[in-house]
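Since each chain sits alone in its own frame, please combine them into the complex, following the hints.
Note that the protein sequences, when read in sequence, are chains A and F. Using my numbering, the first residue of the first sequence is number 1, and each one after it goes up by one. Using my numbering, the first residue of the second sequence is number 1001, and each one after it goes up by one.
Some hints here could point you the wrong way.
What the hints assert, rightly or not - Pairwise CB distance ranges, derived in the manner of DEER restraints:
1) F:Asp1038 to A:Glu116: 25 to 35 Å
2) F:Arg1245 to A:Trp8: 41 to 51 Å
3) F:Tyr1247 to A:Val21: 32 to 42 Å
4) F:Thr1204 to A:Thr84: 26 to 36 Å
5) A:Leu124 to F:Asn1218: 27 to 37 Å
6) A:Val21 to F:Ser1191: 45 to 55 Å
7) A:Pro20 to F:Asp1038: 36 to 46 Å
Claimed, not checked - Among the chain A residues that face chain F by a calculated CB cut under 7 Å, a handful are:
8) Ala9
9) Tyr10
10) Leu11
11) Ser49
12) Leu79
13) Gly100
14) Pro103
15) Ser134
16) Phe136
If you are wondering where the hints come from, they were derived from the structure by calculation, not from laboratory data. As the structure is a prediction and not an experimental result, all values here were calculated from the model. All C-beta atoms, glycine included, are put in the ideal place defined by N, C-alpha and C.
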Amino acid sequence: MVTEKDIWAYLEEVSDPEIPVLTVVDLGVIRTVSLTDELCTIVITPTYSGCPAMKVIEEDIITLLKEKGIQNTKVELTLFPAWTTDWLTENGKNKLREYGIAPPENEVDKSVLFAEPTVVPCPLCKSRNTRMISQFGSTACKAHHQCNDCLEPFDYFKCLK
Amino acid sequence: MEKNTNLFEYVLRMGDDSLILGHRVSEWCGHGPILEEDIALTNISLDLIGQATNLLEYAGEIEGKGRDGDAIAFLRCDREYKNLLLVEQTNGDFGKTMMRQFFFDAFRRLLFERLLKSSDIQLAAIADKSLKETKYHLKHSSEWMIRLGDGTDESHSRIQDSLDSLWKYTNELFFMDEVDFSLIKEGIIPSMDGIQEEWLVYVTSILEEATLSIPTNNWKQEGGRIGKHTEHLGFILAELQYMQRAYPNMKW
Ligand SMILES: [Zn+2]
Chain A
1 MVTEKDIWAY LEEVSDPEIP VLTVVDLGVI RTVSLTDELC TIVITPTYSG
51 CPAMKVIEED IITLLKEKGI QNTKVELTLF PAWTTDWLTE NGKNKLREYG
101 IAPPENEVDK SVLFAEPTVV PCPLCKSRNT RMISQFGSTA CKAHHQCNDC
151 LEPFDYFKCL K
Chain F
1001 MEKNTNLFEY VLRMGDDSLI LGHRVSEWCG HGPILEEDIA LTNISLDLIG
1051 QATNLLEYAG EIEGKGRDGD AIAFLRCDRE YKNLLLVEQT NGDFGKTMMR
1101 QFFFDAFRRL LFERLLKSSD IQLAAIADKS LKETKYHLKH SSEWMIRLGD
1151 GTDESHSRIQ DSLDSLWKYT NELFFMDEVD FSLIKEGIIP SMDGIQEEWL
1201 VYVTSILEEA TLSIPTNNWK QEGGRIGKHT EHLGFILAEL QYMQRAYPNM
1251 KW
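Chain F on its own, in the form it takes in the complex (with noise of 0.2 Å):
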């Protein structure tokens, strides 16, 4: 019984993430700033709201209180979504946009390659899924990194300014809490600690080649994971619950 409240808790958060990115990244169809990367962006959120789909069905079968995914979606409060900070911050302009995908990307990338040997059976079959999508996701933003970070003085100047002002939200990558501790313990979920380490090394590296320097002031913020969020869930939540919540239990 314990075991599966921390379960449900946790591929609740891995859900939400998936979930309230990409409704961020959707936001982009039909406003790239080419042709080719306004298809990029719309595929990316297909990705990742295909993850939340799977994810969110999956918490819902664990939680065993007939909800399912779009239940859980679609019908929550804002204290009840337990995403990161860091995804539920604005576009900003391309850059942002980008700086906020590689610093996720990276992450994820080294999630699922770990949650590959959960004891959990669904949770690495989720997991082999999405590391396949997600290895793409990671090349084309690590890619923009480079190319913006190293390209004009001002694309150099305001992709600079995008890693200043998310870098105290990378932190929360790495949040644990007693769901963690005790889902680690079963050996269903990785430590953090090796993830962390490895994500600064890799951050490190592509943010060097891309002439950028990374905050050396360590004021961090985090909230997201207990359901303490930014002003800007609230905007998100209101779009992405318009329709269930003007017309419950609408269907296409």
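Here chain A stands alone, though its shape is the one from the complex (with noise of 0.2 Å):
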């Protein structure tokens, strides 16, 4: 008998399309799991409004779950409450540690103007001396940064909330 918490053990199995290292439970969007005899309902939540990867992860729980033996699978998208990087996993945060990008910092309001950059730490050699190059980055969720020591350039998961 499939049980609720069996279903959140195989959503460890599906990654992130543009950041493999994390699963979708790493990253935060899986909000609610419910089952029924007959169907199996996951409420996901996107990143960004208009994050493609959102399409890319309901058909990948829904092939996952179906090799899982559970046939009827609705994923269904809610924008309530809205996504955080505070829902990004410790575990989450070390994976993409070791990947190479840096974890969101805390950051102050994005709406000061030149305020003192965020102390972005280089994944690389661990330096604090490293600067941002630009606010957008290769995904909608990254910025991009470079290490001032090493000179690694690096892409940083930039804090939201």
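The structure is reproduced here in structure tokens:
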């Protein structure tokens, strides 16, 4: 007999298509899982409004659960409450760091212009002497930084709250 | 019923702003002045198109006639688009694109902050999601105002030209008619009065720091909210709608 707890464990096998080192559970986009005799309903929330990964995540979840013997899965999208980087699990943050992406740091309000920049430690050499190249990066959720000591260019999973 | 018609119209107007501006900004893809800005512009465009999807899907639900977000985005005629004239203006140079974005971002931030308290739960949810993104956009466009305005002689004179040419479209940001008045009364949307004052304070402070002068000629141009557009919208729609018009119901 499959339980909701089993479903959560299965979902650990679905990875984010853009940052494959993270599972959808690490990312914090799975809001609820509910199970009845006929239907498994999974509610997910997008990281960014235009995140193109959501459609792929939905399909991957349905495919995986079918392989696990669950025939009817419905994936629903909710916008509320809005996703925040606070929902990224500690496990997820550690995986990001090992993968070479700096995890989100606590930041000042984005509307403050020319505020003291957030210190983002270099994922390669751990130096705190780094700088932001651009607040927009290779995907909606990342900014582009560079280490001033080892010169490593790296992605920063930017803070969203 | 009346409430639904008004809410539909309001959400449509917001959705069209995001859709048309998102499409405009996407025209920079592969043409940005430097790689980082090319990436920034496409990210901003993606956020706007995502917001448009949320808003137009919701508009379709309110309308209840079976149209989804795509049908609304791709299958209307020009007069049925209710976006601001500001967002359909051509990209011009990078400075003009940033000036247009700056006016819009400063407005959207104030609007979304207030919509968080909307009595309409879905509208509040969309605002919550979009506000976080808009703060990044506004920081980006504000910094460019200062960098270009207080930059070289050439960057200063070109961005001043953009300010002069776009200023006349800013009054429409605060457009209100019966649709707005009835929704304000119901606590669904905020009044524009406070927003306009705060917008002007913010915009003035940034433009002053950028050593730019706000035009003293107060001629204002509006019409987008009631479907009367500049000649530029037709060209956008020709490109935006091409696939669905040539191959109806075509899917990826
Ligand atoms: Zn380093």
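These are the hints, each one checked on the structure:
1. F:Asp1038 to A:Glu116: 25 to 35 Å: 28 Å, holds
2. F:Arg1245 to A:Trp8: 41 to 51 Å: 45 Å, holds
3. F:Tyr1247 to A:Val21: 32 to 42 Å: Since Tyr1247 of chain F and Val21 of chain A have Cβ atoms about 39 Å apart, the given range 32 to 42 Å holds.
4. F:Thr1204 to A:Thr84: 26 to 36 Å: Given range 26 to 36 Å: holds, Cβ gap about 32 Å.
5. A:Leu124 to F:Asn1218: 27 to 37 Å: With a Cβ separation near 55 Å, Leu124 of chain A and Asn1218 of chain F fall outside 27 to 37 Å, so the hint is violated.
6. A:Val21 to F:Ser1191: 45 to 55 Å: 47 Å, holds
7. A:Pro20 to F:Asp1038: 36 to 46 Å: 25 Å, violated
8. Ala9: Given a least distance of 29 Å, the restraint on Ala9 of chain A is violated.
9. Tyr10: 27 Å, violated
10. Leu11: 22 Å, violated
11. Ser49: With Cβ-Cβ at 3 Å, under 7 Å, it holds.
12. Leu79: Holds: closest Cβ of chain F sits about 4 Å from Leu79 of chain A, inside 7 Å.
13. Gly100: 18 Å, violated
14. Pro103: 17 Å, violated
15. Ser134: 4 Å, holds
16. Phe136: Holds: closest Cβ of chain F sits about 4 Å from Phe136 of chain A, inside 7 Å.
Checked against the numbered hints listed earlier, the structure breaks hints 5, 7, 8, 9, 10, 13 and 14; every other hint is satisfied.
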